[in-house]
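Asks: Sequence:
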Amino acid sequence: MAAVFLVIALLLGGRAVQIGFSDGDGAYASELGVEQVATTGAARGSIISADGRELAKSLETTRIVATPYLIEDPEGAARSLEDILGPAVGLKEEEILASISARGASGEPSGYSEVASDVPPGMAGKVEDLGIAGITTAPDASRVYPEGALASQLTGYQGPFGDTFGGVEARRDQELGAGEDVRLTVDTAVQQELEDALQRTVEKHEAKSAIGLMMRVEDGAIVALANSPGYDNNEFGEASPESQRDRVLTDPYEPGSTFKAFTVAAALEAGAVTTESTYVVPDRIAVADRTIHDSRHHETKIMQPADVIRESSNVGTIQIAQTLGGQRLHDAIRRFGFGERTGVDLWGEDPGLVPDFEDWSGSSIGNIPIGQGLTVTPLQLVAGYAALANGGRQVTPHVVEREAEAAPGPRMISEQTSDIVGTMLQGVVAEGSGQLAQIPGYTVAGKTGTSQKVDPETGAYTTEYVSSFVGYAPATDPEFVMLVSVDEPQTTYWGELTSAPVFEDVMSFALGYYNVPPDDSANGSARGTP
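Residue numbers (my numbering): 46 to 575.
Where hints are given, some of them may not hold.
What the hints assert, rightly or not - Cross-link-like lysine-lysine pairs, in silico, BS3-like; alpha carbons within 30 Å at most:
hint	residue 1	residue 2
1	Lys102	Lys171
2	Lys137	Lys171
3	Lys498	Lys249
4	Lys253	Lys498
5	Lys102	Lys137
Note that these hints are calculated values from the structure, not bench results. As the structure is a computational prediction, the values presented were derived from the model and not from experiment.
Could you build the full structure based on these sequences and the hints that come with them?
Replies: This is how it looks when you write it as structure tokens:
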């Protein structure tokens with residue numbers, strides 16, 4: 046039995062750790078208070094950003110191990126080892142003595158004890174030169190995260206025993222474990238810009254948290270994905286489970302007014318309405334047992350679909366949905382990919398919830414068209430807007446570079462419908478609630494949204510909100526689509542004030558960074574252009 050224990054101890058490195066398990070994303074192991082993460086085995090591959098920065102890598106190190114029953118002079122050995130391990134890893138003589146004098150349950154000197162880990166190979170050589178019987182070295186590797194907190198949830202984490210938690214570390218564990226590098230589509234410059242902007246808006250609006258996601262509209266390559274607050278994978282054990290979770294994938298919510306674009310697109314695609322269709326729109330409408338209001342009081346007026354989108358009219362959107370009909374609206378929503386996972390190359394994605402049409406209540410035709418009574422993830426919403434932007438094709442979001450270009454996805458709407466809805470969304474930014482998302486030199490299409498949060502215990506709406514802006518640019522030849530969502534802002538809950546400015550900041554940076562040509566000379570000069 047003792048021999049079996051010795052073998053297991055040698056394999057595991059003798060560390061006392063706390064091991065937990067995530068919800069389906071793999072296990073993780075952390076050692077509280079330890080800032081550098083030690084792993085066993087051969088060097089693991091690196092996770093590399095699109096611009097060549099290492100987000101995770103393994104360093105060759107050495108463990109110093111002891112066989113206490115073979116050490117004849119523990120005090121002398123501890124003094125000699127301190128001269129080397131003190132400067133190398135900060136160990137003191139008494140700590141070393143405790144390790145090399147370890148005793149088993151019987152009270153006899155034990156057969157194995159780890160003295161130090163993460164020792165540079167050069168210093169380990171000096172330990173070997175001491176020639177102390179019972180003191181040996183073993184090759185090891187240390188997993189480190191050179192960019193600190195940057196893209197931490199996306200990168201994921203590997204613990205002391207090779208267990209992984211979330212992100213690329215978990216999803217690409219097999220390749221990384223075989224020593225292969227994994228290159229991402231994420232660029233650290235855009236990622237840093239997004240993380241900084243999210244942190245500023247969280248602080249400014251005293252929000253609980255915020256998320257952001259930027260993706261190429263043509264192929265679904267994710268350029269930046271961020272959660273605020275974040276954490277540092279080098280100090281994983283100190284981070285809260287809330288900050289470790291990639292909420293872009295895991296946290297569905299009612300999308301509110303950002304969803305209205307899909308309702309109008311569905312009606313246009315089905316031929317239920319045209320751009321010239323007119324509606325008599327009061328500021329409230331009765332739907333079954335509910336009365337639904339527009340966000341601001343107004344006199345009854347005549348509106349066309351473009352007006353409905355620009356002014357974000359709940360009543361007008363519901364009237365368009367009633368013209369389309371519930372069954373066709375439901376089918377279009379599912380065709381856009383809501384209610385199922387996007388297929389992103391990360392684990393932990395939630396499918397959201399779109400009620401089956403058979404389960405709709407009388408008021409569902411009032412709730413669902415305006416983004417209530419269903420839930421979507423931020424990633425699903427961005428993927429849906431990518432289809433609105435790129436001519437109507439579905440894209441599969443991904444964070445790992447593809448070796449070959451993917452085949453075009455299935456068509457969700459026609460190019461004509463895509464163009465019409467895009468023009469309507471440009472109106473939101475040019476004249477409506479999205480004006481703070483305007484970018485000098487570029488056309489922008491987008492939609493604001495403010496959704497009331499639901500209490501998970503009671504199912505009732507609370508007094509807290511999620512405010513969002515989702516859009517794409519340049520609107521005439523879309524390159525990137527981006528969502529910013531702020532959870533429980535306290536200063537104001539309007540997406541036009543909390544989220545649209547973040548979109549403008551980060552999208553403007555990305556367009557200049559990637560040298561995307563301006564398309565709107567009448568709207569000033571683009572950032573970084575003459």
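Asks: Does each hint fit the structure? Answer for all of them.
Replies: Now for the hints, and whether the structure bears them out:
1. Lys102 - Lys171: holds (26 Å)
2. Lys137 - Lys171: holds (17 Å)
3. Lys498 - Lys249: holds (21 Å)
4. Lys253 - Lys498: With a Cα-Cα distance of about 13 Å, the restraint between Lys253 and Lys498 holds, given a limit of 30 Å.
5. Lys102 - Lys137: Satisfied, since the Cα-Cα distance of roughly 29 Å is no more than 30 Å.
Checked against the numbered hints given earlier, this structure breaks none of them.
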